[in-house]
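J.: The chain contents come next:
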Amino acid sequence: MSGSTLLKETGPREVFCGLTSIVWLHRRMPDAFFLVVGSRTCAHLIQSAAGVMIFAEPRFGTAILEERDLAGLADAHEELDRVVKNLLKRRPEIRTLFLVGSCPSEVIKIDLSRAAERLNSQFNGQVTVLNYSGSGIETTFTQGEDGALKALVPLLPSSKEEQLLLVGTLANPVEDRLKTIFKRLGIQKIESFPPRQSTQLPSIGPGTKVLLVQPYLTDTARELKNRGAEILQAPFPLGIDGSRLWIEAAANAFKVNQSLVESTLSPLILRAKKALKPYAEKLSGKKLFLLPESQLEIPLARFLNNECGMELIEVGVPYLNREMMQSELELLPDSTRIVEGQHVEKQLDRVRDSNPDLVVCGMGLANPLEAEGISTKWSIEMVFSPIHGIDQASDLAELFARPLHRHNILNPKTLETA
Amino acid sequence: MELTLWTYEGPPHIGAMRIASSMKGVHYVLHAPQGDTYADLLFTMIERRGTRPPVTYTTFQARDLGGDTAELVKGHIHEAVERFKPEALLVGESCTAELIQDQPGSLAKGLGLDLPIVGLELPAYSKKENWGAAETLYQLVRGLLKDIPQETLKQSKTSWKDEGRRPRVNLLGPSLLGFRCRDDVLEIQKILGEHGIDINVIAPLGASPADITRLPKADVNICLYPEIAESTCIWLERNFNIPFTKTIPIGVKATHEFLDELHELLGLELSSSINQNNQSKLPWYSKSVDSNYLTGKRVFIFGDGTHVLAAARIAKEELGFEVVGMGTYSREMARKVRSAAKEHEIEALITNDYLEVEEAIKESAPELVLGTQMERHSAKRLGIPCAVISTPMHVQDVPARYSPQMGWEGANVIFDDWVHPLMMGLEEHLIGMFRHDFEFTDGHQSHLGHLGGHSSTNEVSSQNAPIQELSNKIDSQKALHWTKEGESELAKIPFFVRGKVRRNTEIYAREAGCTEINGETLLDAKAHFAK
Ligand code: SF4
Ligand code: SF4
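Residue numbers (the numbering used here), protein chains in the order written: chain A, 2 to 419; chain B, 1004 to 1534.
Hints are not guaranteed to be accurate.
Ranges between beta-carbon positions, derived for each pair [claimed, not checked]: (1) P31/A - A1494/B: 29 to 39 Å; (2) Y1405/B - Q234/A: 50 to 60 Å; (3) Y1405/B - L405/A: 25 to 35 Å.
Since the hints were derived computationally from the structure, they do not count as laboratory data.
Because the structure is a prediction, the values reported are computed rather than measured.
Don't be surprised by glycine CBs; every beta carbon is placed ideally from N, CA and C.
Isolated chain A, as found in the complex (with noise of 0.2 Å):
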């Protein structure tokens, strides 16, 4: 392992659930409906993230736990039936309906997977019910993809064929740019996991190689290699040194001609240099502060570092895999500074110990840190934003420098002062 100093931190959290997944995987497949069993505080903390987007036709629900629920007046497998054919028959276009665990459904112990079970049974052929956990005692933010693609998993198909799978939420021209570049290196088949149709599932087996798109799928990768796929060791696609590090390990995988790899490759770097330039030059020497958020903040770190010139004071990430983190840790420098969990409080302490130039946050902290003279970049920007690949590497400098640009846009300095 690197140099890196690993240290662990518990106490108070300022994350999202697993829950939030939804807000984008809703997008992602269309098609898919996601029921949380829980609350009215799940209902209500979905709606307030997506809420602001004016819905025709919702995509997701919450079947709310009433008093007669907890009383076990009503038994909850009955009452799941009954929303959810109500739900259906509202809805008769769903294909795959999502039932997501919470906290109170688990902490009562409803059985969602053995609901799933039986109203697949039900409804056969018309919709496929699945089950995963988003619930906050069990997942933090990202960590909700993972259990909904994991959930997918024994629904692909099995094939021996010769594929890539890329596995990992990506925006549709980033997935395109991607298929094309590995075109090039003459790989023929490429397929992406999630689908943009949850009924067009790729097909999984010993053949296929697998590149992890997105740090935060343990669970997801686990299974996929226990259906026969050879999971690829590879920093993630974040940047150009990531990307291309992510572009070899398939190449070398599908055993491409390192020249043809590098006639393919060097004119998109080239040309990425190009465009990251004026973003590094804004960036570098500037001081960064990440908290735990989603576990994109390593290979975050490591692009603003190594290619932006950043300063890393701390790398904060809500849970660490340190096997699949292994080739990010290699490329950060020594002595990095990363905290797994948090007590936000005493974090917040040292971001203003250390008087940062940029603090990566979540929302709940950006505009409090902002009115204390703290520039920060609201970290879910980068799960709605098209940064992987080669040729997104200067606009994923852009998400960091648009800030600081900010905030240089609005408090001038004069000649007298500066």
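Assemble the complex: chain A is given as a structure, and chain B with the ligands must be docked to it using the hints.
T.: Here is chain B with the ligands on its own, set in the frame of chain A:
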């Protein structure tokens, strides 16, 4: 279990957070799982506050459930008191913590802390946000005032005269995540100032526990938001003999009545030097000939009790709309909303089921929906113009500009906001006359600055899809057939009233016993329903 696509209110602990965050010097320790801190965003993003809410969450995880969660709570209480040094502490649970029953309120009281502690019991599986806010405010006020000797503070109607000072009132109810509370307070405060009435305490918004202890010094309580403050006002009346106002000053007429009521309670003469009638511009705007076309516009109203009651009155008496549907999700206000609906000869819809509200909108086929953020979804689906009058709301309803709903300026804001989504008069006429334009197509609203609404284009191409659905439903009771000629006569009806005309024609046809509808039937029906 209750299938909920959109919820009109959050859980009750959000209400408690609203009280804590609105105030100063109050801290709230909330026993809650990791993840429930999403609620901070309501304040930092929707209310755009530059401070963190004064809330310490215990954020337990699954692995903590095996251990001692009660110890976890105690630790967080100690830390919070130590770090934030509040004047008073609220302690409560979220929905998940309620299931594991650690009794954090009593735990806190057993810690020997030297500050007032209010343990909150907010049943998350039966109550909701506004109830939680009302209960928290009530418990906090009670907790801070119960030791104050009542005799010394007892006010009489005229004590301000006896003491030779201006009368002073409390403004109770305004809070963060309330609808336009920030500016309502300013507007009411300004109006009261003009009438020589001082403000004693505004709470919870901006008040500290020390301010709360000064509540009994007021001559009258002004209950601006009954959903939040009614229980507190009743308690203050009972214990300190302070009367409170019942009229909510939203709308020109209601503001007049509110002032009358308040002066009566204070035993104060209404100042004759203030010209009561020209304070708001709404009356003249609404009277001016340009507003003629607003007459009889069919409007559906939904939201919290207070804003719905106010809106219905303004719609009918001040703007000349016809109220064709009204309802509320505030069960506590059901009685009042029901009786108000009677005056409009309709039945009130009391529900928190978004689908039921959508169905009711569809049935009454209004030309304008005045509702919450949720009604914007239904209105989009049905292609009906919509304005937001009540919470739940989103960030666009916490605007930078001065935007009260109450008082004189509030009525000005209301006039602009409610009329804006409607098609402007000239355009409405021209679309009624010439239907073959390539730019100003059916359902298009050019003042909204886009090329035909998404909804409007759908509406045209799919031939009134939602209304079609509705008529299908009616059709199934008894087959009704629209002839081609009947359909084309219907297409001549201006966009926004077309749904209504289709419905009426079908009702008429059914009554008259005809199964086929042609152009004549439509005209017959029009004559039949003409008032
Ligand atoms: S943290 Fe738990 S209770 Fe809270 S919204 Fe998420 S799943 Fe629901
Ligand atoms: S797009 Fe235009 S017509 Fe459609 S709802 Fe929005 S404002 Fe109204």
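J.: For every hint, state whether the structure bears it out.
T.: Hints, one by one, checked against the model:
1. Distance hint check: the CB atoms of P31/A and A1494/B are about 32 Å apart, consistent with the given range 29 to 39 Å.
2. Evaluation of the 50 to 60 Å hint for Y1405/B and Q234/A yields a pass: the beta carbon distance comes to about 59 Å.
3. Our hint of 25 to 35 Å for Y1405/B and L405/A holds, since their Cβ atoms are close to 32 Å apart.
Checked against the numbered hints given earlier, the structure satisfies every one of them.
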